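Asks: Dock chain one against chain two, each of which comes alone in its own frame, and use the hints as you go.
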Amino acid sequence: MAICAGVIGSVLGLGGGIIIVPGLTLLFGVPVRTAVAASTVSIIATSTGAAVAFLRDRLTNTRVAMWLEMGTATGALSGALIAGYLDEKVLLILFGILLGYSGYNMFRNRTAELPGEVVPDSLSLKLKLAGSYYDRVLGRRVEYQVTRTLTGLILMYFSGIAAGLLGIGAGIFKVPAMDQIMRMPFKASTATSNFMIGVTAASGAVVYFARGDVKPLVAGPVVLGVLVGAVLGARLMVKMKTSTIRKLFIPLIVYTAMEMIYRGVRG
Amino acid sequence: MTQEPEHGAVSRHEPIELVLARLLRLGSLIAAALLAAGIGAMLLGNSGFAPRLVTAGLMTLLATPVLRVVAAGVIFIREREWQFAFFCLVVLCALVAGVLLGRGEG
Numbered sequence: 001m002a003i004c005a006g007v008i009g010s011v012l013g014l015g016g017g018i019i020i021v022p023g024l025t026l027l028f029g030v031p032v033r034t035a036v037a038a039s040t041v042s043i044i045a046t047s048t049g050a051a052v053a054f055l056r057d058r059l060t061n062t063r064v065a066m067w068l069e070m071g072t073a074t075g076a077l078s079g080a081l082i083a084g085y086l087d088e089k090v091l092l093i094l095f096g097i098l099l100g101y102s103g104y105n106m107f108r109n110r111t112a113e114l115p116g117e118v119v120p121d122s123l124s125l126k127l128k129l130a131g132s133y134y135d136r137v138l139g140r141r142v143e144y145q146v147t148r149t150l151t152g153l154i155l156m157y158f159s160g161i162a163a164g165l166l167g168i169g170a171g172i173f174k175v176p177a178m179d180q181i182m183r184m185p186f187k188a189s190t191a192t193s194n195f196m197i198g199v200t201a202a203s204g205a206v207v208y209f210a211r212g213d214v215k216p217l218v219a220g221p222v223v224l225g226v227l228v229g230a231v232l233g234a235r236l237m238v239k240m241k242t243s244t245i246r247k248l249f250i251p252l253i254v255y256t257a258m259e260m261i262y263r264g265v266r267g
Numbered sequence: 001m002t003q004e005p006e007h008g009a010v011s012r013h014e015p016i017e018l019v020l021a022r023l024l025r026l027g028s029l030i031a032a033a034l035l036a037a038g039i040g041a042m043l044l045g046n047s048g049f050a051p052r053l054v055t056a057g058l059m060t061l062l063a064t065p066v067l068r069v070v071a072a073g074v075i076f077i078r079e080r081e082w083q084f085a086f087f088c089l090v091v092l093c094a095l096v097a098g099v100l101l102g103r104g105e106g
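So the sequence lines, in the order shown, correspond to chains A and B. Reminder that position 218 of the first sequence reads as 218 in my numbering, one-by-one numbering, no gaps. Reminder that position 6 of the second sequence reads as 6 in my numbering, one-by-one numbering, no gaps.
Chain B with its partners taken away, still in its complex shape (with noise of 0.2 Å):
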C-alpha cells in the first residue's frame, strides 16, 4: 500500500472512498460467509436450512450497494456538499420507485 502524505490537507474527516470501502468488505464478507456456509450445509444434505442461509447471502449483496448510496450521501451532508447530497437522494428515489414499480408488475 502506498502511504498519501494528505494531513489535514483536504477533509476533516476519513476520505468517503475508505469508509465507502470499509462498508462493502463489510457486505460482501457477511455475504460471502452466508453463502459459503448454506453451500456447506447443502452438499451434507440439509436440504431445508441451507436455501435459507443462501438467500439470506444474497440479500445481504443485495442490500450493500443500496446502502452504499445511502452511506455516500450522509458523508456529502457531513461534508456539506449539498448538491451531491441532492444526486444521491434522486438515485434513492429512482431505486424506490423503481422497486414499487417491479413489484407491482411481479
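For reference, chain A alone in the conformation it holds in the complex (with noise of 0.2 Å):
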C-alpha cells in the first residue's frame, strides 16, 4: 500500500497522504493521529525520493521553488498560528469550492500536452522564472517562462494556510496554481510541487515529532515503502504524457473538494 502511496505521489505532485491516512486507520486499525504523523513523515519520503530524478531531468524549477515556497512556508505558520481562532468549516468550504473549481478548469483543459503561448510578466522576466526540459514523449525541448508571477505567491499563501490548518502538504493546490495561473507546463507543474512539498511537510513533521506521535512501528515500514514507490513513480512519470497525468489529477482534485466540502458543512 505504502509503495502504491508513493508512486501515485510522485506522478501526480502530492504527497500521498489521501491514500496513506485512510489506508492505516481503516485497514490496520491505526489511531488517526498516529496515522496523520505517518503520513506527514512518507510526504517528505516522497518528495525526497522523486525529486532526485525530477531535477536530473530538469523538471523541477528551483527558481520557480524558492519563490513560492516563502509563499507556503509563511502561510502554513500562519495557519498554524489562526488555527482554532478561525471558523474552520468556512475555510473547509472555501477551499473546497476552489478546488472543485480549478478542478473545472483541468477538466476543460484535459487535452493540451502543453500551455501554449505565454506572456510574462515583468516580474517573471525580472526573477528570471523560465525553464526548460527535454520531454521525453515529445521528443523535444519545452521552453517556459511564467506568468501572473505575485498571484501565485499569494495562491501560494494560501495553499500553506490550508496545509498548515488541515496538517497535509497541500500538493493539491500548488500544482492547479503553477499550471493554470502560471502557466507552467503541466509535468513541470507537479515535478515543483512535489520538490516544494517536502519543505512544508518537514515543518509539520517536527511537531509531531516532539509530541511522540511518530510510532516507528508505524511509521518505519510505511516511509520506507513510500520512499521505495517515491522512485519508481519518478521514473514512470517522466515517461507519461501530460494528458493522462492530467486524467489521473482529477478525479482525486474532485474527489478531495467534494470531501472537504462534506466536513465543512458537517462539522
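It should be emphasised that the hints constitute simulated quantities derived from the structure, not laboratory data. What you are looking at is a predicted structure, and each value in this text was computed from that prediction instead of being measured. Take the hints with a grain of salt, since some may be wrong.
Label pairs and their computed distance ranges (CB to CB) [unchecked claim]:
hint : chain 1 : residue 1 : chain 2 : residue 2 : range
1    : B       : Ala37     : A       : Asn109    : 45 to 55 Å
2    : A       : Tyr255    : B       : Phe86     : 35 to 45 Å
3    : B       : Arg22     : A       : Lys241    : 28 to 38 Å
4    : A       : Thr25     : B       : Leu89     : 33 to 43 Å
5    : A       : Arg136    : B       : Ala63     : 31 to 41 Å
6    : B       : Ala63     : A       : Val265    : 34 to 44 Å
7    : A       : Glu88     : B       : Leu101    : 15 to 25 Å
Glycine included, C-beta positions come from ideal geometry on N, C-alpha and C.
Replies: Okay, structure coming up:
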C-alpha cells in the first residue's frame, strides 16, 4: 500500500496522504493521530525520493520553487497561528469550492500537452522564472516562462494556510496554481510541487516528532515503502503523457473538493 | 540520459539542480538504509535497538528538505543572486518560527 501511495504521490506531485491516512486507519486500525504523523513524514519521503529524478531531468524549477516556498512557508506558519481562532468550517468550504473550480478548469484543458503561448509579466522576467526541459514523450525540448508571478505567490500563501490548518502537504492546491495561473507546463508543475511539499511537510513533521506521535513501528515500514514507490513513480512519470497525468489528477481533485465541502458542512 | 551541450554557456559552477539532486539522493539513501536495518532488526526480534534505528532514519529524512533550503541559499549566494538567497532566508525563518511555535504547543 505504501509503495502504491509513493508511486501515485510522485506522479501527481502530491504527498500521498490522501491514501495513507485512510489506509492506515481503516485497514490496519491505527489511531488517526499516529496515521497523520506517519503520513506527514511520508510526504517528505515522496518529495525526497522523487525529486532526484525530476531534478536530473530539469523538470523541477528550483527558482520558481524558492520563490513560491516563501508563500507556503509563511502561509503554513499563519495557518498554525490562526488554527483555533478561525471558523474552520468556512475555510474548508472555501478551499473545497476553490479546488472544485480548478478541477473544472483542468477538465476543460484535459487534452492540452503544453500551455501554448504565454505572455510573461515583468516580475517573472526580472526574476528569470523561466525553464526548459527535455520531454521524453514529445521528443523535444520544452521552453517556458511563467506569468502572474505575484498571484502565484499569494495562492501559495493560502495553500500554506491550508497545509498548516489541515496538516497536509497541500500539493493538490500547488499544482493547479502553477499549471493554471502561472501557466507552467503540467509536468513541470507537478515536479516543482513535489519538490516544495517536502519543506512544508518538514515543518509539520517536527511538531509530530516533538509530541511523540511518530511511532517507529508504524511510520518506519510506511515511509520505507513510500520512498521506494516515489523513486519508481518518478521514473514512470517522466515517460508519461501530460494528458494521462491530468486524467489521473482530475478525479482526485474532485474527490478532495467534495470531501472538504462535506467536512465543512457537517462540521 | 540526455547529454546537454551547455559548455560554459550558463554558469561557471555546476547547475543547482545537480547539486541538490545529489544532496537529496544522499539523504534518501541514508534514510532508507537506516529504515531497512531498523525494520530488519525488528523482524529478528531485537526490540530495544530497532526503534532507535528507525527513528534515526526518519530524522535523517526530516532533515533533508531543510538542508536542501540551506544548500540552495548557499548556491544562490555563490552565484550572487541576492534576491533568491533572501527568499531562502525567509523560508528558513518561517521554518524555525514554526518549529519553536510547535514545541511551545506540544
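Asks: Work down the list of hints and note, for each, if the structure agrees.
Replies: Each hint tested on the structure:
At about 46 Å, the CB distance of Ala37 of chain B to Asn109 of chain A agrees with the hint of 45 to 55 Å. Between Tyr255 of chain A and Phe86 of chain B the C-beta distance comes to about 38 Å, which sits within the given range of 35 to 45 Å. At roughly 29 Å, the beta-carbon separation of Arg22 of chain B and Lys241 of chain A lies within the given 28 to 38 Å, and the hint holds. Checked against the hint of 33 to 43 Å, the C-beta distance between Thr25 of chain A and Leu89 of chain B comes to roughly 39 Å, which is consistent with it.
For Arg136 of chain A and Ala63 of chain B, the hinted distance range of 31 to 41 Å is satisfied, since their beta carbons lie about 32 Å from each other. Taking the beta carbon of each, Ala63 of chain B and Val265 of chain A are about 40 Å apart, inside 34 to 44 Å as hinted. Restraint check, Glu88 of chain A to Leu101 of chain B: a C-beta distance of roughly 18 Å satisfies the suggested window 15 to 25 Å.
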